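Chains A and B, in that order, give the protein sequences.
Using my numbering, the letters of the first sequence map in sequence onto residues -5 to 347.
Using my numbering, the letters of the second sequence map in sequence onto residues -5 to 347.
Among the hints, a few may not be true.
Stated by the list, open to error - Stretch by stretch, here's where chain A covers chain B in the computed footprint (C-beta under 8 angstroms, at least three residues):
1) 101 to 110
2) 207 to 221
What the hints assert, rightly or not - Not close to chain B: a few residues of chain A, all C-beta gaps over 12 angstroms, as computed:
3) D88
4) G103
5) V130
6) E257
7) V271
8) I326
9) P336
Keep in mind the hints are simulated off the structure, nothing from the lab.
From a predicted model like this one, the values you see are computed outputs, not experimental measurements.
Each residue gets a CB set at the ideal place from its N, CA and C atoms; glycine is no exception.
2 protein chains.
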Amino acid sequence: MVEWLDRAADPGRVHTEGRMVRAAIEDGREEVAGLLGCRTREVVFTSGGTEAVNAAVWGALSVRQGTIAVPAVEHSSVRDASDRAGAVRLLPVDGDGRLRLDALDELLGAGEPVALVHCQWGNHEVGTVQPVAEVVDRSHRAGALVHVDAVQAAGHVPLDLTALGADLVSVSAHKFGGPPGVGALIVRRGLRMAPFIVGGEQERARRGGMENVAGIAGFAVAARAAGGAGPEETTAARTYTAGLRNAALTVPGVVAYGPASPEGRLPHIVCLGVEGVEAEAVLLGLDQAGIAAHSGSACSSESLEPSPVLEAMGVDAQRSLRLSVGWSTQEIDVAAFAATFPAVVARLRALAG
Amino acid sequence: MVEWLDRAADPGRVHTEGRMVRAAIEDGREEVAGLLGCRTREVVFTSGGTEAVNAAVWGALSVRQGTIAVPAVEHSSVRDASDRAGAVRLLPVDGDGRLRLDALDELLGAGEPVALVHCQWGNHEVGTVQPVAEVVDRSHRAGALVHVDAVQAAGHVPLDLTALGADLVSVSAHKFGGPPGVGALIVRRGLRMAPFIVGGEQERARRGGMENVAGIAGFAVAARAAGGAGPEETTAARTYTAGLRNAALTVPGVVAYGPASPEGRLPHIVCLGVEGVEAEAVLLGLDQAGIAAHSGSACSSESLEPSPVLEAMGVDAQRSLRLSVGWSTQEIDVAAFAATFPAVVARLRALAG
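Kindly produce the complete structure, drawing on both the sequences and the hints.
Okay, structure coming up:
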């Protein structure tokens, strides 16, 4: 990335400096396509996952008319971009946060045209892996487009987007070791739709605006590293999250949300409920011990709103505590949590009387 | 910037890492506001000038109904975002590319509601400085919002946005030494409007998406440098562009577009017409000599379309050659152009027979 901070010429130009930037961007596109198992030309770089989701909804609704199906546990960007674009039908989930396919079938069979079906690959709060292949299959048979929010999944589980066949897939670099401020929307070959950010011919006229070449270079390196890591990294993440989960569950009144089976969850996320204390207080206690966690509710702030994900799962709690591991996590980090968490909870409970 | 590449935690979180990023973003906001002469809270960071322009149009049309006035020399992002948002009235310019205020008066007095009037601070192709203060005054008296595209002007001429009073102003970091992939929309205090990228509470709920903290840090440094440079840098830019212009005009059949008076133009841009040769061929010839120029037409590619700016000015040429100078330009660069350009043109003319 540092190499490109100093050499950020306009890649749309014929001069040498511009051509070098263009080559770097196209190299980055190949790396990202490699990680995701899609075609290079399907990758449209964006300023991140949120813009990618906005562009997916905007584009889909530019070519299809009908309602938008939104599983109740989708990320706020999916919900908000869909609410803006048209009539939304919320789809229920089960107690683990998994989309109820019977509800999707019912909607698709109801005769009302469905423009777009959303289905995240894995949930951002509880980690629940969704039945994306089934959703793509059923939605396509009913003539609807499908958008998969793979922001939490990309770089953590293997993706083969060409095999999946979704029309639109959103990913973000910073969720797996890349920099913030860059992401991509994968647009299935042959799908022509209106761009969201207009005013330039960049990204084959699919996204206007000067390219963030350093960000793309960082995205590419993270994609190469994640793609090259192979199943060992997934196994390591599962081991770490199992360690975090088990350590937390030794404390009375602590529950883990999401599917019981590790295969039902993304490997790198643990979601906990802590009875009798505020999630924010636990966060601060962990932070004092050098452990960065977050409350699972809103993506963008430690919002005081109840979590729509927990609500949709029927969980009787306003907020959760989310822990995630990444490429830099080590056993010592898990041990630090195990040594800290029970004491933090005990202290808070003692304070609460 | 490098400092933040490695420490890009989520600034929306309560943990220490997130709070440090948040502080860096807010420091950046102060620097950018300082350069632009606006309030810190008016600065909304975006992924660049193009997104800022899209957000300006989207937001303005969320709170005002009516037509959109677009001077014919505006950047393609302004034209395209406006075309998408509503009914556009193109406003004519004079032979120097300056907006004809009589045409604006006529539109504003015609009784038809005008939602938004665009006026760029200075033109991206010929450098023409527009009568922005007059446009703001007239538009406000008629009840219209005003968006000023200051992407080319910011960092090159002093801006005092609070004194100007425009409702919306777009700027981009990379146009004055900052990195690509970051910019800002300045939203006048008190103007509440719909966000363009939805799905997160970032930027006080005015722009969803994880912040590009390294980009913002680079934007801030460039803003501080440009703000601290004072009038000497503007004077130096004028000297260099005068040198480029004079060197070019020694070649028969070369014309300079835009106002004759230097005060009528941005200090850092020279726009040339070269009779009898293709602009692209001149670019390639200059590139071989290490001089990065571009054809003035499209922003985003060396498009083969004729330049709408030249067309609006009534110039009988399809395309121009644009040279710009920046903070790193030196006298030796001007001398290199003066030594190269006549030979490049002579060779191309000889080839053309």
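Practice task
Taking the numbered hints from earlier one at a time, note which ones the structure violates and give those numbers from smallest to largest.
Solution key: 1
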